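Novice: So the chains spell out like this:
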Amino acid sequence: MKNPYVPEIAKIIDVRDEALGVRPIKTFKVSFQNGHDFNHRPGQCAIIGLLGTGESMISIASSPTKNGYLEFSVMKLGKVTSALHACETGDTISIRGPYGNGFPIDDWKGKNIVTIGGGIGQAPLRPILQYILDNREDYGKLDIIYGARTTNDLCFKEELFELEKRDDVNVHLSIDMKEEGWTRFVGFVPTNLLEVKPPPDNTIAITCGPVVMIKFVIKNLLALGFSDQQIFTTMENRMKCGIGKCGRCNVGHLYVCKDGPVFSYATLKDLPEF
Amino acid sequence: MDSYILQKEKLNNFLDSLKEYEIWAPVQKDATTLFEVIRDFQNISLDLNHQPIISKSAVFPQTEPLFTFDNDAAIKETSPKEEKDTIVFGIRPCDARSFKLLDPVFEGDFPDPYYLTRRNKTALIGIACNEPFPNCFCTSIDGNPFSKEGLDLLFTSLNDSFYIEVITDKGKTIIDKASSHLTQAKAEDTKEKEQLAKASEGKIKRQINLDGIKEKLAAIFEHAIWDKFSSKCIGCGICTYSCPTCYCFDMQDESSARKGRRVRTWDSCMFAEYTLHASGHNPRPTRTERLRNRIYHKFKFNIDNFGVPSCVGCGRCIALCPVNVDLIEILSTIKEAE
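Taken in order, these protein sequences are the chains called A and B. For the first sequence, our numbering gives the first residue as -16, with consecutive numbering after it. For the second sequence, our numbering gives the first residue as 28, with consecutive numbering after it.
Since the hints were derived computationally from the structure, they do not count as laboratory data. Keep in mind that this is a model prediction, so the values were computed, not measured. Careful: at least some of the hints might be erroneous.
Stated by the list, open to error - Where chain A lies over chain B, by a calculated footprint (3+ residues, C-beta under 8 Å):
no.: 1; region: 60 to 71
no.: 2; region: 265 to 276
no.: 3; region: 292 to 306
C-beta: ideal position from N, C-alpha, C; glycine also.
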């Protein structure tokens, strides 16, 4: 019987600041020391941690098409994430997983994709973008709608600015309030979605961000003509085991760790507590 | 299978012949009767007027180390320790049934080696409830004070003897080791046991018809009754700790500068920290949401996921609640709610 509670050890090979301020975000690039093959799907998560401190469920921010490493974008909030933020290149962390269902990205072949992210909610959407750009001919139009409170809070800034220059992807960035030098959209993400107005035909929309943002994004997607089955989101809850046993991450009868974190709005809207 | 008679005065001899097993049994501590590992058989309390609690800890300990590690981040001792064959003696029929509800949680896509290793090595010897307790309602939930479900042997207390029924091969193995202390049961013993069983069932006072409870719950997620019932709850968690079907757990690291261990401990859905996000957001912020979730988990979500409610009708959450939150009253109100 494989012991699902025992993690693998991985080494941090790069640390990047994504956002500064009171709730800083860092992206950790890690690789397994023993050549362990993680073999995840976009949208899956992993339980990462530090022995002696504890563990947290974190979405995997890199695509499986990027061989040899995994990336995790972590906001410094609690005990474990604060300890992670103190880590440097060369330090080791523990990893269990991959966990959860992931996005049904193969079912989306031939479709247009629009991702709608807010703040650190862009992290679980990022593997979708990487996966599609690495398999570009399999997918239709790709729209990235992403916003944060300020330019300081925008994650993956440099790579999104690079993607803006490409003609096979449309990037629509926003910040909540006006800043000097910012020439892109100013306003909330759900409003930017209405500006971009992606047509629903043959399109899948995936959103992640603060709960209140997700609710307004879904409302606006429905107004744009998207059906429940065309809308996906990925959720988070406090977790310990990651394997559907410890009890706390349930939304209705489903466990976010095992049955999620990805849910279609068709599934989600019937659950209590959403 | 067969039935036997063990004279009560020979109980210690019977248990003596099972020395190779680790034996758990009820032990009275002040007003509480708890299950623990028995070193001296004199400590066993089979007093049928006391409802023992927390038999699940024999298989699912309140605290258990998962693994140890040292300061160069090397993980050690990762497998569950070798367990001795274990007997839980004097477990009530409802508690034996509860393991049937715990098993699918710890099996599944990610089998839990700690629980399952211990579970496979454990035999359950039950004692029938001649005298049901005031809040017992097992008969409302597919159980019975003489139920054999999940048991390997069932003892029934007759006047001077125990009537023993062999239920499984595991039970037969135990009987074979202790057979010198047993005699074959006679027809009149069986008759006496059956009379006790019938009488006991008749003594169960509390009843609830749970037909359609899942559908009813689906319709009243937003309802004033949740505020009403949670208003007196103090969030102490005794309902979950004493529940034989509750299994939620936490994982915490204990460490010094040099080495440490990761431990699993029971947790409770009645605590705010259980669902509290690091951001400060809590999806179940008050006792209203937490009590509602407990009822939904037991009488809706568990039926959705495993086909049966996560309750055996033992009544302990009612008996032990310090402020008289009464599960049967809650369920009755749900059934009648509009």
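Novice: The structure should be examined with respect to each hint, and the outcome stated for every one.
Specialist: Structure-based check of all given hints:
{"no.": "1", "hint": "60 to 71", "result": "violated (count 0)"}
{"no.": "2", "hint": "265 to 276", "result": "holds (count 3)"}
{"no.": "3", "hint": "292 to 306", "result": "holds (count 8)"}
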